[in-house]
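So the protein lines, in turn, are chains A and B. Counting from 68, one number per residue, gives the positions in the first sequence under the working numbering. Counting from 35, one number per residue, gives the positions in the second sequence under the working numbering.
Bear in mind the hints are in silico, worked out from the structure with no lab data behind them. Each hint should be verified, as a subset may be incorrect.
[Claimed, not checked] Simulated restraints on C-beta separations: (1) B/S338 - A/D253: 28 to 36 Å; (2) B/W352 - A/Q256: 36 to 44 Å; (3) B/V74 - A/T93: 18 to 26 Å; (4) A/D185 - B/A113: 57 to 65 Å; (5) A/A260 - B/L139: 40 to 48 Å; (6) B/V70 - A/D134: 20 to 28 Å; (7) B/D554 - A/D144: 16 to 24 Å; (8) A/S98 - B/V192: 50 to 58 Å.
Glycine included, each C-beta is placed from N, C-alpha and C at the ideal position.
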Amino acid sequence: MTVPVQRAGDQIPAMALRGLVKRFDTKLAVSEVSLDVPAGSFYGLLGPNGAGKTTTLSLAVGLLRPDFGRAFLLGYDVWADPAAAKARLGVLPDGVRLFDRLTGPELLAYHGLLRGMDATTVDQRARELLDVLELGTGNRTLVVDYSAGMRKKIGLACALLHAPRLLVLDEPFEAVDPVSAARIRDILQRYVAGGGTVIFSSHVMEVVERLCSHVAILSDGVLRLHGTLAAVRGERSLEEVFVQVVGGRVSTGSELAWL
Amino acid sequence: MTPAGVATHPPTSPWPFVRLKLRLLANGMRGRPARVALFVVGAVMAGFFAVAGYAIFAIPGVVGDERAALLLFPLGGSALVFGWLVFPLLFFGVDESLDPARFALFPLRRRTLITGLFVAALAGLPALSTLAATAGTVSTAAGLGGPGAAVAQLVGVVGGLLLCVAVSRAVTSAFATGLRSRRSRDLAVVLFAVVAALLGPLQLVLLAGAENADWDAVAALADVLGWTPLGAPYSLGLEVTAGRLWAVPLKLLIVAGTLAGLLWWWSATLERAMLGAASSGSSRARGDVGSPTGLLLGRRLPRSRFGALVARETRYWWRETRRRASLITFTVAGLFLPVSISLSGGSAGPLAAFVGALAAVALANQFGYEGNAYAANITAGVPGRVEIHSRAAAHAIFVLPLLLLVAVVVSVVAARPERIAGDLGLLLATYGAGLGLVLPVSVRAAYSLPESTSPFALSSGGGMAKGLLTLGVMIGTLVATVPLQILAFVLGDVWLWIGLPVGAAFGCGAYLIGSQVAGDWLDERTPEVLAAVTQGR
Chain A
68 MTVPVQRAGD QIPAMALRGL VKRFDTKLAV SEVSLDVPAG SFYGLLGPNG AGKTTTLSLA
128 VGLLRPDFGR AFLLGYDVWA DPAAAKARLG VLPDGVRLFD RLTGPELLAY HGLLRGMDAT
188 TVDQRARELL DVLELGTGNR TLVVDYSAGM RKKIGLACAL LHAPRLLVLD EPFEAVDPVS
248 AARIRDILQR YVAGGGTVIF SSHVMEVVER LCSHVAILSD GVLRLHGTLA AVRGERSLEE
308 VFVQVVGGRV STGSELAWL
Chain B
35 MTPAGVATHP PTSPWPFVRL KLRLLANGMR GRPARVALFV VGAVMAGFFA VAGYAIFAIP
95 GVVGDERAAL LLFPLGGSAL VFGWLVFPLL FFGVDESLDP ARFALFPLRR RTLITGLFVA
155 ALAGLPALST LAATAGTVST AAGLGGPGAA VAQLVGVVGG LLLCVAVSRA VTSAFATGLR
215 SRRSRDLAVV LFAVVAALLG PLQLVLLAGA ENADWDAVAA LADVLGWTPL GAPYSLGLEV
275 TAGRLWAVPL KLLIVAGTLA GLLWWWSATL ERAMLGAASS GSSRARGDVG SPTGLLLGRR
335 LPRSRFGALV ARETRYWWRE TRRRASLITF TVAGLFLPVS ISLSGGSAGP LAAFVGALAA
395 VALANQFGYE GNAYAANITA GVPGRVEIHS RAAAHAIFVL PLLLLVAVVV SVVAARPERI
455 AGDLGLLLAT YGAGLGLVLP VSVRAAYSLP ESTSPFALSS GGGMAKGLLT LGVMIGTLVA
515 TVPLQILAFV LGDVWLWIGL PVGAAFGCGA YLIGSQVAGD WLDERTPEVL AAVTQGR
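This is chain A alone, in the form it adopts within the complex (with noise of 0.2 Å):
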């Protein structure tokens, strides 16, 4: 039950995946995931828990080499051109670490200059960032002595930087208090309403539902159903169609009687 995914127009898609299959010893991690990610779209990729999120996205930002299948970001082949794919895009990996002996202030002038940034033009952005994310702009602090939620947020202050036109954010949101959240969403709907693409990975609806105008739910790593936030939901609420889809358990209210 797939609802077919809306082209918008003849433009080229933000990210087209196209076949990827991987396997990890005897696990198929992601199976046969074709997806078009259309430019200036707000794309959530939902998912239970070892659903195959991480390692699709892995997959689609050359991260991981698929056993078969491709990928295109912004039209260009991740495998085949690697410099042009990635010079556009900005990528918050989940459960990778960060060049964590660095400070703040430090790691962003890294990621900065490893773009090939002026560095006049990172001071003023990096500087700009830590302000606006507030992480403090002399903060001598490593970042391996940050919260969660701070080296969350340094994350993506770093894919942020370059102003890419891709944004690859896997569960941004985990983790991070309230505050920053709420701050976090601003800079991404104010950078797609600029023109930018944004696609994260997310198992809380709430968050999916109130962003994206497009949804994507993943389960034992094929893509069940993809399309529009309305053609996917339908009628009903998008918790109701995502546990239906992933084939969740009705407690029953007998297991656990001992609690």
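Knowing the structure of chain A, use the given hints to seat chain B on it.
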């Protein structure tokens, strides 16, 4: 199971720890032929060590030479204990698959934890092969002094093994706790200096003794060592043979006392390790001092991608405990070994090769140090060669001044200051050759390190990999620089003049070849390297 399902008495048996360790070892090898091969190689080496050790220790018994046994047992035993003390610090690291911090949440008494970890440490190849090797002394004691001596020696051998394991555990644990908090890095430097200070004099004494062949002095040394915790366990049987029964309980007391002391020390440092001494760092939120790029690059480095990579690497060499420990070890070993050889009149030439190779070996698993943080460089699309050159450059910033220091100190100590340039040439050549070998190896043989703040932590099986890689690169570098060594030897005084340029050119050439190969390999295998250094995949 009680109806409530709650165990009221926490378990006190150490066997779950042993089973856990063996299970971790087995799971670590499942479906990984490379790990299995490494394990087999390690087992063969351990077996060889056991057989050779047994043979050496059993010879005096076969020949019936009591004097030889009196020399061999205390000296050989001391060397063993000393090896257990120094080798984990210098080369192999400690298998931290049973990291004490992981047990912090279980209702375990400290006594149970210590016994469990201790017994688990005994259940390993090094401990087994040490036991087998020293069993040769029992056979000798039986041959020389009958069953009584054999029983006493058996007790001594077991006590000696316990001592070996306890000393390695206690010292590495103390070190790990010491280096954990960033503020106490000075303490670590001091402790390393102590180890090195032990290494130097002992070597001098041994070398002097061997050269003068003054057997009385060696016998006196052996006698003294026999009364220290190092040699006491291994001379128990001999005391029975010599009829000095009164010495047996005294020496047992020495062993037991030392063992108790070490275990107490270990448990004290373990406590701190379990609390995870989360250092607060310097969280002074000062005003806006300096621009972000200025903070990262300082004044000298270029405001470019290469500059940023080098700056990040130099920060890591100083701020990451594993890297810092390897730098400190290199400094100490690089200075003390050549100096002690020079003092005893040896030639520093071959040692130059050793020191240069030792420096390069620190990069053997350079991608493993920061784990999957390397993903940032991949998404930024850093080309392989830039990555490799920047890492080598950052390492050289630390190592080149040290090599100069080694050359100067060695020449001055040997009272041959005219050799500074030639020695430096040899050092540069071996460092360059070592890099040329180690850089491709680091791309091909990257492996993951646990996300631990302990500089000695290795994932299970990693110790073997690290030791073998280190050994392989060392031997490779020595072989690669043999022509240069021969040239320096043949040319004699001419080398004093041409040594520096020739050595530097040789080193640069070797580095360039190796870094090109490594860079190209990295471009081909970027995601594979990332997967290799990612923990738990």
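Hint-by-hint comparison with the structure:
A C-beta distance of roughly 34 Å is found between B/S338 and A/D253, which places it inside the suggested range of 28 to 36 Å. In this structure the hint that B/W352 and A/Q256 lie 36 to 44 Å apart at CB holds, the actual value being about 41 Å. Distance hint check: the CB atoms of B/V74 and A/T93 are about 24 Å apart, consistent with the given range 18 to 26 Å. Between A/D185 and B/A113 the CB atoms are about 59 Å apart, so this pair conforms to the stated range of 57 to 65 Å.
Look at A/A260 against B/L139: about 47 Å separates their beta carbons, and that is inside 40 to 48 Å. A hinted range of 20 to 28 Å for the beta carbons of B/V70 and A/D134 is consistent with their spacing of about 24 Å. Checked against the hint of 16 to 24 Å, the C-beta distance between B/D554 and A/D144 comes to roughly 21 Å, which is consistent with it. Distance hint for A/S98 and B/V192: a CB-CB separation of about 56 Å, consistent with the stated range 50 to 58 Å.
When held up to the earlier numbered hints, the structure conflicts with none and fits them all.
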